[in-house]
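Work the whole structure out from these sequences, hints included.
For the protein sequence lines, the chains are A and B, in the order given. Numbering that gives the first Met the number 0 puts the first sequence at residues 0 to 283. Numbering that gives the first Met the number 0 puts the second sequence at residues 0 to 758.
For the record, the hints were derived by calculation from the structure and aren't laboratory data. All figures in this text were calculated on a predicted structure; none of them were measured in a lab. Where is the CB? At the ideal position from N, CA and C, for every residue including glycine.
Sample of chain B residues lacking proximity to chain A, with all beta carbon distances greater than 10 Å (derived): (1) Glu48; (2) Asn119; (3) Asp142; (4) Ser246; (5) Gln286; (6) Thr287; (7) Pro380; (8) Asn413; (9) Gly678.
Computed footprint of chain B on chain A; a stretch qualifies when at least three of its residues, placed anywhere within it, have a C-beta under 8 Å from a C-beta of chain B: (10) 41 to 48; (11) 94 to 100; (12) 114 to 127; (13) 143 to 149.
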Amino acid sequence: MRLRTAFAVGLLGLAAWSVLRAQKPFKEWPAIEYADFPLPGDYRDRHEWTRARLRYTDVYGYPDHCCLYYGRSFPGYWTMDFPRSDRHLLEGVRRLTRIDTKSVEQVVTLDGSDDVYNWPMLYAVEVGHWQLGDSEASQLRDFLLRGGFLMVDDFHGEVPYHGVYNEWQVFLTSMNKVFPDRLIEDISDRDPIFHTLWDLDDRFQVPGSANYFETGLTYEAGETGKVPHWRGIRDDKGRVMVAICHNMDLGDGWENSDDPKYSEKWSNLAYRVGINYFMYDLTH
Amino acid sequence: MFEFFFKYPASVFSKGSIVLAGGWPVWLLIVAILAAGAALAYFVRRNAESSVRVKGGRSAVVWVLQTLLAAVLLLLLWHPALSVATLRPQQNIVAVVVDDSSSMAVDDAGSGSRKNAAVNVLNSGLVKQLQERFQVRLYKLSDHLDRLEAYDKGGLDKLTAAGTATHIGDSLKQVLADAASLPIGAVVLLSDGADNSGGIDLETISEVRRQRIPVHTIGFGREKMAHDVELTGVETPARALPDSRLSATVTFHQHGYAGGKAKIFIRDGGKVLAAHDITFKADGVEQTENILYNAGPVGVKAIEVAIDPLPGEENSRNNKMVQMVNVDKRTPRILYMEGEPRWEFKFLRRAVEDDRSIHLVTILRTTQNKIYVQDEHGDAPKNIKDGFPTRVEDLFEFDGLILGSVDAPYFTANQQEMMKQFVDRRGGGLLFLGGREALADGGYARSVLNEVLPVKLPDRKNTFVRDPATAELTAQGRDSLITRIEEDPQKNVERWKKLPYMMNFQDAGQPKPGAVVLVDALPTSVGKFPLLTIQNYGRGRTAVFATAGSWRWQMLQPVADKSHEMFYSQLLRWLVNDTPRRLMVSTPKQMLNDETLVKLRADVRDKAFLAAADATVEAHVLGDGVAETVEMRPDALDAGVYTAEWTIPKSGSYVVEVTAKRGAEDLGRDVLTFRRDDGVAENFHVEQNRELLEKLSSETGGKYYKPEDAKKLGKDINYSEAGITVRETRDLWDMPAIFLFLLMLRSGEWLLRRKWGVI
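Right, here's the structure in full:
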């Protein structure tokens, strides 16, 4: 009898595990700019929504064949602004909308597991440095066609930046793997994505904080980085499924929203754009 | 044998009454019997004193036997007789009614067709026998009664066995009408009893009994076919949305193919819509199968359900049936009110976006004070941009309503009452989704909407749980079209088990009486909860889908998988498919097989869906060379309901457009199609319905005969109380049975005395 009971309990446990294995729990990650960033008290609480952050393979070989970074393992370009930017953003989402959001982001990897499909709103930063492998590109395509949404941000110019990488070209190389046959187009001001919550006809460049503090310029990567581009890739129904924020740094807008040196208007727009995108995703 | 012993046939005894014709009073007979008994008692007792062998019980037995003998002899002195009404010779008419429907052409009577067998019975002496005492009128019966020429003038030659239907009851009524002016003493019906008007109604039977006309029946044809498959019924919705998945419930039975296999086909104009394998059960057992098929594009469909003829089948014309299905060109509107931006909202919208038969209008609370309205088709009421409707007319523009994670207090009391009336009076569908502000957690237990919910909400909060849960079909869910995401029922059950787990579930409570749980949620934590519960309420229907996590069925399955889309499309179509419009026309039968009268019923409502009892309602019928307008009259009992009957002039398809007006106000219009097919009904139920014929005879004082016994009819038919009769008194004293009885009494006593040694 005991053996039978143990067997039943084991089976039940196995079933529960197999159900849950597809969804990975929250985890902290080392980042380029921040270490030991405090966790909010409610970070374990379960909520309807959070914005996931894509942990991708980058041009420097992260995560498998990478270098040292200030004497430690390079955390990857995907961790730019992380997690301060994420936490600020989510607090804004919670305060400004009725979205029932977690207080912390979820880091997801295109590793072939089902985890990414549990987080349909995905954000990737510094995509001028990503280098998606074939399997990553394939899974990202699958994710998007099933109904996921990808917002990319913080990459600049269409010529080599600091003589190293043409970030637009690097972005395109991976994006073309994801969708070889879909056009990247400018999103018009009339598109619903700019009107779901706030009417954002009047948009401007949101600068990266480091560059702005250092140079006083709102743009990066020379002349080709001067004009902010609000671009997108649409699905078969004409909905934006990849929102491309080129020549701007909305991540810094969220990250520095509590920094008095960084203009409030930039953070304000960063929040509005981000939340409009999230709202668009949840309604389209 | 009976007649040998009792002198007369049993039917004479059943129709007559026994009388004492001697003229002496009955009390005198009783006194005489008592006196005889007393005298015999005295003598038996005196003899017993002198005899040792006949004492006590033996003397009592002797007394009984002798008293019985004396009593019978005394009875005979009083002249017992049978008083019976008989038809006066040559003054009465016997109506001989021959079934001339096409089922009488079936060649299973041994000597050719049933019709020939009937003619043979009449020709082989029965008519002559009848003519000796009566006038004989010949009739032929099909969907009506026709009189034939006299027998001697070849009346029977006019029988063709080509009638398109058998209406025995209606035909008997016509005979009764003749009987009002003619001395019809009896009816002889020669038929296979294959009536296809739904049997003989009680009214007709009562009328026959009232006129005391015995109906004698002679049955023809086999009572069971040796090899036959027969469809006995097909039920499928009369109206559908384009590309809907429909269910046809097919009933059938067979003889001679038990254990065999066949296919049921559903066709539309020759195109096979579905094929379903079946295995026949035992002979004569009624089988039922549910078959799914796609309604296809807009149009009127004559859906044919058929089992292709099997080898050796005797009657293959009863293997198919046709039903009309109107695939309406309409796009019901559904209003989805959501209280918070969430995945379920996004993926539900996407799930039905390709369903061209549903217009989904959504209102989403994006912030505390803002809403986001999406009306891609632009056909919602204009003020929907201001939020959830506040006027009945605006809300009732929709056919269905979905409430997401939006708490009850968000709505005013008036809005909540409007939603209740939306279901109850308007007949719309209301779907409640799970969520942190839905159902019990949204305060609906204290709302007027609690009454329309198909579940009894728990009396507590925190019923929405963010624990994973899988879905499992219940027994009812296995049969439901809403949950059918695989054609094959068993595969469908397995498919549901393999669906990705839902992100959460809600304890919605237990189903109310009359509600049906189609799917259960099985959380990984503990327990089992109703996930999808449905019920009808008032004129409409309500459902609870107690989760906000079914979106994983889309994200966690391959792009090509359509189970998520199919489920929501079917759920929302169920929600609105039967939602009535302001004017709805219907008929009990859209397919009229050998019937000529179509009954129309229109339900007319105003903008608030209150019964419009003062409307002018007209039905405009169009057919091949037919264009007629029929005024529909208000029903005396049902306000807002108008009815009309119209005689279909010939077979074919007809379209009826019903319009309703109240003054200058247009109350709407609706279109319905129906079809009359002739020569179909006789293909079904072709076995001899002996039960019906026997019942008809016994109820009317007649008798059922097999063809070989029909000669006896000539004698039996004399005794009737209909027509011109005379009451005859028939002696009974000389019945052989009485003499045998007397002989038995005497010989019995003699044998006993011999046994006792007295003799």
